[in-house]
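Residue numbers (my numbering), protein chains in the order written: chain A, 1 to 515; chain B, 1001 to 1211.
Source of the hints: derived by calculation from the structure; they are not laboratory data. Even glycine gets a Cβ: it sits at the ideal position worked out from N, Cα and C. Careful: at least some of the hints might be erroneous.
[Stated by the list, open to error] Using C-beta positions, here's what the derived DEER-type ranges look like:
1) A:32 with B:1153: 31 to 39 Å
2) B:1003 with A:26: 24 to 32 Å
3) A:128 with B:1153: 24 to 32 Å
4) B:1009 with A:229: 49 to 57 Å
5) A:61 with B:1152: 46 to 54 Å
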Amino acid sequence: MSVDPLNDETREQLVAYLDGELADSESAAIESRLATDETLRAEMQGLDRVWNALDDLPRVTVGDAFAKSTIEMVAVEAERDVLAKTAALPIQRRRRNYALLGACVGAALLGFALVRSAGTRPDRMLLANLPVIYQVDALQNAGEIDFLRRLPKAAPSLLATAEASDIEESARAWEAIAAGDEPSRRGWVAALSENEKARLHDSARRYTRDLTPGRQEAVADLSRELLAAQDRATLLRTTLAYDAWMSQQTASEQAQLRKLPTDERLEELAKLDRRIVAQTGRSLPEADSAALRAAVVGLKDSAELRRLGQEVERRVERMAAAWRRETDGTDRAARIGQMKRGITEMIARLEKVPAFSVITLAEAASPRPQRMEWLFRDDWERVRDQARQDWQVVEAKLIAALSEEARERLDQLSEDRRREQLRWWVEHAARSAFESIDIEAYFASDDLTDAERHKLLALPTDQMEAALRRMYVNRQLGGFDRLPMGPGMRGPRDRGGWGDRGPRGDRDGRPRRGP
Amino acid sequence: MPSQSTIQRYTQADPDVRLMLRVREDDAAAFEELMLRYQNRVVSIIAHLVGRRDLAEDLAQDVFLRVYRARKRYVPGAKFSTWLFTIAGNVASNALRGLSRRKEVHLAAAPGDTGANPLELSAAAASALMPTRQADKAELCDVVQQAVATLSERQRAAVLLAKFEGLSYEEIGEILDMTPQAIKSMLSRARGKLREALQPYLQHGQKVEGS
């Protein structure tokens, strides 16, 4: 690449000359220099060429639909304006002046072609209500602002179970969305990944179809209240943390909590909070955590861990095939796509993150594994029994890695409680803070396939580093660096209060936690 | 608030100003006429400012909606196009702000299926090109887009307004809220940058086909 030989001032004069922006005297001066200076001439030609190259930028044209739909929107606004003006008149006058108003109205409205579509465009509705839709579930869980203000005191450990960095990011996004105007929100939505977009539209559909107008208003009011409050920063984070915790609970637990009035709910949560404290209070010493992590990594390619993922994959394919046969509707197709997307992420994580596999296997072996039940329907008991067998093997290896003391603690527990405790310990160990990692060495190591390296190289540097780090922690250290649990990633939900469908297991979520 | 003589001057000289004054009186035909005259230009410039063809139409509609909403307050203090492109610039700017907040991209999402900026993706492809090879038209298009994408938001706006709208430094200055001298410097630096980026592709004195 050649270095630009011009100094700033000369280039300015040349460019202005090319643009016809120089005064006559300055033009003359430049021209005389150009006549004698070959280098300068070449530079000017270079600049000129570059300017012409811009003609290669694709030119954009719009079809008829553009003008038509824009005018439609304007017509809608015009009509709304008129209605507002009419409504603003006192009733008596409204009737008397209607004729007069009608004349003005007619002129204004008829002017705009009233080829109306049914209602305003859906995505405008989404954008207008984006702050509410973005966290419609969290808002419903919260119920009222008083609850949110008292929750941190009542159940601090419960709130602390949420992933702080994810909460932080979601809270900031929420505030930014609320503060943004329509183009800004549009940009934000457009930059979401396909999965995130699908989830957002899902939320929008829930908001518009599943909520009664009364509930829609209540939720929208709460959102406004929150965003306008002085202690907004804390309130938003509490809302999100509570929602994250809720999504870990079973469908019926969620429904029960939602039904309770604020005072009783807080009491119930305080009780759960004490239980969490009791559990984590006796958490593992660091040496045991490290040993567990190493054991998890050692289990990476074991048949026991892989089996569950394979079952899930097979099941999803069968379900998708059956749905396709049953019906032809596009809505079905979209839902299949959505379900597959959510499960695909789960399957990928089962394959790539051994700690996650261990935890999911423990969950599948539990007495009533919610997610497996939903996914496998009548077949879930078979899956659970196989999971229990596999868990026996895995558990033995995990226990073998622990210290004498830790093993003693487990000995005292029943089979179910022991599995729960180990699952909790593995997750806790996986979430430890990790020291800095030699990313470059890892990049070059055998652990990555060529395809993965290629994909990484296509990312911007900071994202590539973050991804590498995550892979290293997941695969080599048996940990979670940042388990992506952004907005919309949930466990099974019960919408029994305001819909007649069952638990939604079509999205991925973290395994159930707690007793 | 522009003076009476300024108002008179622009009303007389600029037919689009006169159309807009009719829109101020709720004349729908005038609004439609203005839209037809400017829609491609507005969509174009927004597409290049924001780097997203798919968003450009929606954003352009926002621009015209704003024009409609502002009609009662319209006072001709400049050419109509200056006023219009100021609005377009603001809409594009806001959209860029919204886009830039989304920094998180998970590894699970392949580069192809995120909402990634298409200009960024072609950068990877373009970097594989060897500069001394004679570029054919399609590659050049990519490369020019990529070069424009390296400019700052304001530089891009200035370049696009100068090149495609043929606006003077003073007019561009009104739109971007800068002095004509500042525009002059900025355009100069921008074109220097473009030159550096495109140099390898224009090396052999090959004039790029253009209009």
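Comparing the hints with the structure gives:
1. Checked against the hint of 31 to 39 Å, the C-beta distance between residue 32 of chain A and residue 1153 of chain B comes to roughly 37 Å, which is consistent with it.
2. Between residue 1003 of chain B and residue 26 of chain A the Cβ separation comes to about 30 Å, which falls inside the hinted range of 24 to 32 Å.
3. Remark: the range hint 24 to 32 Å for residue 128 of chain A to residue 1153 of chain B is upheld by a beta-carbon distance near 26 Å.
4. Taking 49 to 57 Å as the suggested C-beta distance range, the pair residue 1009 of chain B and residue 229 of chain A conforms, at roughly 51 Å.
5. Between residue 61 of chain A and residue 1152 of chain B the Cβ separation comes to about 27 Å, which falls outside the hinted range of 46 to 54 Å.
In summary, the one numbered hint that this structure violates is 5.
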